[in-house]
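*Asks:* Between the sequences and the hints, there should be enough to build the whole structure, so can you do that?
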Amino acid sequence: MIELEGLTKRYGDKLAVDGLTFTVRPGTVTGFLGPNGAGKSTTMRMILGLDHPTSGDVRIDGRHYDRLRDPLTAIGALLDAKAVHGGRSARNHLLCLAQSNGIPDGRVEEVLDTVGLTSVARKKAKGFSLGMSQRLGIAGALLGDPRILMFDEPVNGLDPEGIHWIRSLMQSLAAQGRTVFVSSHLMSEMALTAEHLVVIGQGRLLADTSMADFIEQNSRSYVRVRSPQREQLLDVLHGAGITVVEAGGGLLEIDGGKAEHIGELAARHHVVLHELSPRQSSLEEAFMRLTAESVEYHAHADPAEREWAAGWKTEV
Amino acid sequence: MSSPQNPMPQAAPAWQGTAASPHAGYTSPIPVVRTHLGHALVSEWTKIRSVRSTVWTLGVFVLLVLGIGLLTGVVVSSSSSEMSSADNPLTLGFFGLLLGSICLITLGVLTTASEYGTGMIRTTMTACPSRGRVLAAKALVFFLVAFTTTLVSSVLVAFAQTAMLGGSGVRQPSGAEWLKGTVGVSLYLALLGLLSLVVGSILRHSAGAITIMIGVVLAPLVIALFMFTQSLEKVRTALIDYSIPNQLSVFYSNSLTHSGPSGWDPLWIVLAVTALAFAGAWALLRQRDV
Numbered sequence: 001m002i003e004l005e006g007l008t009k010r011y012g013d014k015l016a017v018d019g020l021t022f023t024v025r026p027g028t029v030t031g032f033l034g035p036n037g038a039g040k041s042t043t044m045r046m047i048l049g050l051d052h053p054t055s056g057d058v059r060i061d062g063r064h065y066d067r068l069r070d071p072l073t074a075i076g077a078l079l080d081a082k083a084v085h086g087g088r089s090a091r092n093h094l095l096c097l098a099q100s101n102g103i104p105d106g107r108v109e110e111v112l113d114t115v116g117l118t119s120v121a122r123k124k125a126k127g128f129s130l131g132m133s134q135r136l137g138i139a140g141a142l143l144g145d146p147r148i149l150m151f152d153e154p155v156n157g158l159d160p161e162g163i164h165w166i167r168s169l170m171q172s173l174a175a176q177g178r179t180v181f182v183s184s185h186l187m188s189e190m191a192l193t194a195e196h197l198v199v200i201g202q203g204r205l206l207a208d209t210s211m212a213d214f215i216e217q218n219s220r221s222y223v224r225v226r227s228p229q230r231e232q233l234l235d236v237l238h239g240a241g242i243t244v245v246e247a248g249g250g251l252l253e254i255d256g257g258k259a260e261h262i263g264e265l266a267a268r269h270h271v272v273l274h275e276l277s278p279r280q281s282s283l284e285e286a287f288m289r290l291t292a293e294s295v296e297y298h299a300h301a302d303p304a305e306r307e308w309a310a311g312w313k314t315e316v
Numbered sequence: 317m318s319s320p321q322n323p324m325p326q327a328a329p330a331w332q333g334t335a336a337s338p339h340a341g342y343t344s345p346i347p348v349v350r351t352h353l354g355h356a357l358v359s360e361w362t363k364i365r366s367v368r369s370t371v372w373t374l375g376v377f378v379l380l381v382l383g384i385g386l387l388t389g390v391v392v393s394s395s396s397s398e399m400s401s402a403d404n405p406l407t408l409g410f411f412g413l414l415l416g417s418i419c420l421i422t423l424g425v426l427t428t429a430s431e432y433g434t435g436m437i438r439t440t441m442t443a444c445p446s447r448g449r450v451l452a453a454k455a456l457v458f459f460l461v462a463f464t465t466t467l468v469s470s471v472l473v474a475f476a477q478t479a480m481l482g483g484s485g486v487r488q489p490s491g492a493e494w495l496k497g498t499v500g501v502s503l504y505l506a507l508l509g510l511l512s513l514v515v516g517s518i519l520r521h522s523a524g525a526i527t528i529m530i531g532v533v534l535a536p537l538v539i540a541l542f543m544f545t546q547s548l549e550k551v552r553t554a555l556i557d558y559s560i561p562n563q564l565s566v567f568y569s570n571s572l573t574h575s576g577p578s579g580w581d582p583l584w585i586v587l588a589v590t591a592l593a594f595a596g597a598w599a600l601l602r603q604r605d606v
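Top to bottom, those sequences are chains A and B. In terms of this note's numbering, the first sequence opens at residue 1 and continues consecutively. In terms of this note's numbering, the second sequence opens at residue 317 and continues consecutively.
Certain hints may be false.
Simulated pairs of lysine to any residue, SDA-like, Cα-Cα distance not exceeding 20 Å [claimed, not checked]:
no., chain 1, residue 1, chain 2, residue 2
1, A, K126, B, T370
2, A, K82, B, S522
3, A, K124, B, R438
4, A, K123, B, R368
5, A, K258, A, T243
6, A, K124, B, W372
7, A, K123, A, R91
8, A, K82, B, D605
9, A, K82, A, L130
10, A, K124, B, R604
11, A, K82, B, S366
12, A, K14, B, R604
13, A, K82, A, D159
14, A, K82, B, K550
15, A, K82, A, H185
16, B, K550, B, L572
17, A, K124, B, W361
18, A, K258, A, Q280
19, A, K82, A, G127
20, A, K82, B, T434
21, A, K124, B, A588
22, A, K123, B, V367
23, A, K82, B, G433
24, A, K82, B, S430
25, A, K126, B, W372
26, A, K124, B, G433
27, A, K123, B, W372
To give an idea of the interface, some chain A residues facing chain B are shown, with a C-beta separation under 8 Å as derived from the structure [said to hold, decoys possible]:
no., residue
28, L68
29, S89
30, L95
31, S100
32, R107
Ranges of calculated distance between the beta carbons of each label pair, as one might list FRET restraints [as the list claims (entries may be wrong)]:
no., chain 1, residue 1, chain 2, residue 2, range
33, B, G531, A, T54, 52 to 58 Å
34, A, L130, B, V348, 30 to 36 Å
35, B, W372, A, S172, 40 to 46 Å
36, B, G524, A, G37, 49 to 55 Å
37, A, D159, B, F411, 28 to 34 Å
38, A, N36, B, W580, 54 to 60 Å
39, B, G448, A, S172, 56 to 62 Å
40, B, Q488, A, P104, 52 to 58 Å
Simulated from the structure, these hints should not be mistaken for laboratory data. The beta carbon of each residue, even a glycine, is placed where N, CA and C say it ideally should be.
*Replies:* As structure tokens, then:
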């Protein structure tokens, strides 16, 4: 269990993490989602005691990280796959970590085998591809067979087979009753692995919810319509009291509308339709909408970003 | 998949202070060990011996000390009249050790600063959140490695040189001279390396820290060489007296000047400076983000 309470980190003028309060519970995979620069890595560094919070508190199983007597058996973390000394072999890298926590040397071979690096155990880490480095980082996290696991963007640089492997690894770790906390900027990735979701944007908590609830609340179903008689169609729909959202490129979107109903309406008024399709917005879109709003609260948002965010809002 | 989640876990979580795990859903078969300095020492020993830079710097160090020591021995012994019987025959070991000190400085800096360069430091500090313990373990392991290497090389050179010069009428060194010329210089150079390690920890940048340390060793003497003005005479003497090469030569009673440190003074000076720097690095390490 990881408990954050009002966790805040300020770098000069910039508030990187702004009063985060949430709890990561055992037995499930908790996804930690946010766009790049949202403060995910900073939060994880504070959990591990690497960065000191400006204010607020974070505890691992009720203790501050630096008060843990057995850090690697309590929590295993992969923050940055390249955080190894390139001149050291994979085996020696893991060995010095094991020794620092009194973990039996035999665990080194076990975790090398788990991540599939046994054949390159004697090779220097600087020759590793990003995917191999990720595996080495994961091996380091698993070394102490910890109760809590924390991964920062673990699928970066992995091939499809590797991505599949890490997904099932995280799910099996959670199924054993461990706490698994994994960050990503890809909603689609989280939808496949996480059961619980914590979303942050600009350092602030945007959502702390189960994945099922998030999908229910945020997936938007709409009907997409295209017509050469656009003005006529708009009049008809307005007349029927239906709100239309302009999606650009001559496309119209009708939230929560039924395709049958709109088709019949158009036929009755002799409006030609070139497209009429019921659609479901993806979780990725829901996530972008959620974080785009967090961008909007800030007056100095980048113009390009504002325009992009505005795309969701233009009502006709 | 396990039970459904509480959709909005709100408000202050109840801190549970006990170690016995009311939260833990998983218990590892691996025995939990309460970590201490011993673990950190073993870990740092594995680290220092598993990188190429250690082999290179110490290899070059031994090569310089033995090579230059033997060469000067050969040259001096072939012209027997050069050393008077009053001179300390161990003096000839000085040149190799002076050059070799640069290797120890490099290794010292790399022991700490390279972890910042590679990012390894974050992994290290995660494995051992007690930052002071990490610094202490690094310092202790490095000091012992540097001291042992220097002691072995300086003893070898001293034996070789006294044997070479023995035939040419040069006296045998006294017990005190042996102690200063081997254990004394080894402690001095290992502490100089340790100071570099501490500077590396403060600056977190290998090239910067190495440059500064080489400057500390060479600059005072070089600057003093060009101080011709009468009014700067005192500064000039002080710079020479307390320059590191001159302090090193004090161990052979072979100082450039007759003022300044004598006897075991250089050792106490480097010890005090290193202790101060260590305290500063310790405080900074606790305070800064990794």
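*Asks:* Determine for every hint whether it applies to the structure shown.
*Replies:* Going through the hints against the structure:
1. For the hint pairing K126/A with T370/B, the CA-to-CA distance comes to about 17 Å; that is within 20 Å, so the pair holds.
2. The suggested pairing of K82/A with S522/B holds, with an alpha-carbon distance near 18 Å, which does not exceed 20 Å.
3. For the given pair, K124/A sits about 19 Å from R438/B by alpha-carbon distance, which is consistent with the 20 Å threshold.
4. Among the hinted pairs, K123/A with R368/B is consistent with the structure: their alpha-carbon atoms are about 13 Å apart, no more than 20 Å.
5. Taking the CA atoms of K258/A and T243/A, the gap is near 13 Å; set against the 20 Å cutoff, the hint holds.
6. Taking the CA atoms of K124/A and W372/B, the gap is near 17 Å; set against the 20 Å cutoff, the hint holds.
7. For the hint pairing K123/A with R91/A, the CA-to-CA distance comes to about 8 Å; that is within 20 Å, so the pair holds.
8. For the hint linking K82/A to D605/B, the alpha-carbon distance of about 18 Å falls within 20 Å, and the restraint holds.
9. In summary, the hint linking K82/A to L130/A is supported, as the alpha carbons are separated by about 8 Å, within the 20 Å threshold.
10. As the CA atoms of K124/A and R604/B are separated by approximately 30 Å, the hinted pair breaks the 20 Å bound.
11. A threshold of 20 Å between alpha carbons decides the hint, and for K82/A with S366/B the separation of about 18 Å falls inside it, so the pair holds.
12. In summary, the hint linking K14/A to R604/B is supported, as the alpha carbons are separated by about 18 Å, within the 20 Å threshold.
13. Among the hinted pairs, K82/A with D159/A is consistent with the structure: their alpha-carbon atoms are about 17 Å apart, no more than 20 Å.
14. With a C-alpha separation of about 52 Å, the suggested pairing of K82/A with K550/B is violated against the 20 Å cut-off.
15. For the hint linking K82/A to H185/A, the alpha-carbon distance of about 19 Å falls within 20 Å, and the restraint holds.
16. Proposed proximity of K550/B and L572/B is supported: the alpha carbons are some 15 Å apart, at most 20 Å.
17. Distance hint between K124/A and W361/B is fulfilled; the C-alpha atoms sit about 18 Å from each other, no more than 20 Å.
18. For the proposed pair K258/A and Q280/A, the alpha carbon gap of about 12 Å is at most 20 Å, so the pair holds.
19. Between the alpha carbons of K82/A and G127/A the distance comes to roughly 11 Å, so the proposed pair stays at or under 20 Å and holds.
20. This hinted pair checks out: K82/A and T434/B have alpha carbons roughly 7 Å apart, not beyond 20 Å.
21. Taken as a hint, the K124/A and A588/B pair is broken in the structure, with Cα atoms around 39 Å apart against an allowance of 20 Å.
22. The hinted pair formed by K123/A and V367/B meets the criterion: a straight-line CA distance of about 12 Å does not exceed 20 Å.
23. For the hint linking K82/A to G433/B, the alpha-carbon distance of about 11 Å falls within 20 Å, and the restraint holds.
24. Simply put, K82/A and S430/B have alpha-carbon atoms about 13 Å apart, close enough for the 20 Å limit, and the pair holds.
25. A threshold of 20 Å between alpha carbons decides the hint, and for K126/A with W372/B the separation of about 18 Å falls inside it, so the pair holds.
26. Distance hint between K124/A and G433/B is fulfilled; the C-alpha atoms sit about 17 Å from each other, no more than 20 Å.
27. Taking the CA atoms of K123/A and W372/B, the gap is about 19 Å. The hint holds against a cut of 20 Å.
28. Given hint, L68/A at the interface with chain B, holds; its Cβ is 7 Å from that chain's nearest Cβ, closer than 8 Å.
29. Interface restraint check for S89/A: the shortest CB-CB distance to chain B comes to about 7 Å, inside 8 Å, so the restraint holds.
30. Against a cut-off of 8 Å between C-beta atoms, the interface hint on L95/A holds, since the closest Cβ of chain B lies about 6 Å away.
31. Of the supplied interface hints, the one on S100/A holds, with its beta-carbon coming within about 4 Å of a beta-carbon of chain B, less than 8 Å.
32. Here the hint on R107/A is kept, as its CB sits about 7 Å from the closest CB of chain B, short of 8 Å.
33. The beta-carbon spacing between G531/B and T54/A, approximately 36 Å, falls outside the hinted interval of 52 to 58 Å.
34. A beta carbon spacing of about 33 Å between L130/A and V348/B agrees with the range 30 to 36 Å that was offered as a hint.
35. In this structure the supplied range 40 to 46 Å holds for W372/B paired with S172/A, their Cβ-Cβ distance being about 44 Å.
36. One distance hint, 49 to 55 Å for the beta-carbon pair G524/B and G37/A, is violated here, with the actual separation near 28 Å.
37. Restraint check, D159/A to F411/B: a C-beta distance of roughly 57 Å breaks the suggested window 28 to 34 Å.
38. Taking 54 to 60 Å as the suggested C-beta distance range, the pair N36/A and W580/B conforms, at roughly 58 Å.
39. For the pair G448/B and S172/A, the beta carbons lie near 38 Å from each other, so the given range of 56 to 62 Å is not met.
40. In this structure the supplied range 52 to 58 Å holds for Q488/B paired with P104/A, their Cβ-Cβ distance being about 53 Å.
The structure shown violates the earlier hints numbered 10, 14, 21, 33, 36, 37, 39.
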